[in-house]
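Chain by chain, the residues:
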Amino acid sequence: ELKVEQNPLFLSMQEGKNYTIYCNYSTTSDRLYWYRQDPGKSLESLFVLLSNGAVKQEGRLMASLDTKARLSTLHITAAVHDLSATYFCAVDRIIQGAQKLVFGQGTRLTINP
Amino acid sequence: DGGITQSPKYLFRKEGQNVTLSCEQNLNHDAMYWYRQDPGQGLRLIYYSQIVNDFQKGDIAEGYSVSREKKESFPLTVTSAQKNPTAFYLCASSIDRFNEQFFGPGTRLTVL
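Chains as they are written, first to last, in our numbering: chain A, 32 to 144; chain B, 2 to 113.
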C-alpha cells in the first residue's frame, strides 16, 4: 500500500527565512505533485515532478525529487506572508489501468511578519 | 472559459437524506474523480471514472454513488448510508487516466 508522509505538519516561520518541507513515500511511483490550498479553497497545482533529479522553481518555491530515496522537498526561500497556506504533496499510482493520487497529510505554513 | 465547476458551494443536509453534488467540466477531459477532505487531512479518493458510462470505487466508496452518463458531468450522491458525511468534497478531471488532475472549487457539506 502506498503511503505518503509529510513533515513538518505545521510550520510557523518569519518573513525572510528559508525552510524546507519534506515528502516521503513508501513505494515506487512515476510522478509527484505539489499543491497549494488556501483556507476554504480548492487545490492549486504548483509542480509536477516526473523523473529522478527533477528540480522545478517558481518564484520563491523550489521542488525537487529523489526517486531512489523516495523523497521530495519543497524549499521556500526568503518567505513572504503571501505564501501562508497548506501545502500537499501527492504521489500517483496506476491501479486497474488508471492514475490514482495518494496525498500526504499536508503542511500548514504560517509566515509571520 | 474552460474549467471545472461544482455546485452548490455550501450544502446542508439533515440526517437520513440523500444529497447530490454536481461536477461539470468543459475541458473535454475523459477522466473525472471525486475526493473527500476532512479538516486537517489530505484528500481521499471516493470514486473515479475513466470514460463515459464507466466508473470504479476508490478508497472510501461506502455510502456514496456516482453516475457518468455524459462526458462533461460526474455527479456524486451522498446517501444516508454514509455515517459521517460532513466534509469538503472536491471534484477533479484529467485529459486521460494517466495525466495531471485539475481540481474544481469544492462543495462543503454539513449534516445538521
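It should be emphasised that the hints constitute simulated quantities derived from the structure, not laboratory data.
Just to be clear, a hint being listed does not mean it is correct.
[What the hints assert, rightly or not] Once the Cα atoms are required to be at most 20 Å apart in a straight line, the calculated EDC-like pairs of lysine to aspartate or glutamate come out as: (1) 10/B with 69/A; (2) 71/B with 97/B; (3) 58/B with 36/A.
[What the hints assert, rightly or not] Here are the simulated distance ranges between beta carbons: (4) 78/B with 87/A: 33 to 41 Å; (5) 109/B with 113/A: 36 to 44 Å; (6) 71/A with 23/B: 16 to 24 Å; (7) 42/B with 82/A: 24 to 32 Å; (8) 100/A with 60/B: 49 to 57 Å; (9) 141/A with 52/B: 20 to 28 Å; (10) 69/A with 70/B: 30 to 38 Å.
[Stated by the list, open to error] So these bits of chain A aren't anywhere near chain B, every CB distance computed over 10 Å: (11) 43; (12) 64; (13) 99.
We put the CB at the ideal spot given by N, CA and C, even for glycine.
Hints versus structure:
At most 20 Å may separate the alpha-carbon atoms for a hinted pair to count; residue 10/B and residue 69/A meet this at roughly 16 Å. Our distance criterion of 20 Å between C-alpha atoms is met by residue 71/B and residue 97/B, whose separation comes to about 15 Å. This hinted pair does not check out: residue 58/B and residue 36/A have alpha carbons roughly 24 Å apart, beyond 20 Å. The hinted range of 33 to 41 Å is satisfied by residue 78/B and residue 87/A, whose Cβ atoms lie roughly 38 Å apart.
The beta-carbon spacing between residue 109/B and residue 113/A, approximately 24 Å, falls outside the hinted interval of 36 to 44 Å. Between residue 71/A and residue 23/B the beta carbon distance is about 19 Å. The supplied range of 16 to 24 Å therefore holds. With their beta carbons about 29 Å apart, residue 42/B and residue 82/A fall inside the hinted range of 24 to 32 Å. One distance hint, 49 to 57 Å for the beta-carbon pair residue 100/A and residue 60/B, is violated here, with the actual separation near 26 Å.
Separated by about 42 Å at the C-beta atoms, residue 141/A and residue 52/B break the suggested range of 20 to 28 Å. At about 33 Å, the beta-carbon gap between residue 69/A and residue 70/B stays in the expected band of 30 to 38 Å. With a least beta-carbon separation of about 16 Å from chain B, residue 43/A lies farther than 10 Å from that chain, consistent with its non-interface assignment. The beta carbon of residue 64/A sits about 7 Å from the closest Cβ of chain B, which is not more than 10 Å, so the claim that it is off the interface is violated.
With 10 Å as the threshold on Cβ separation, the claim that residue 99/A sits away from chain B holds: the shortest Cβ distance comes to roughly 23 Å.
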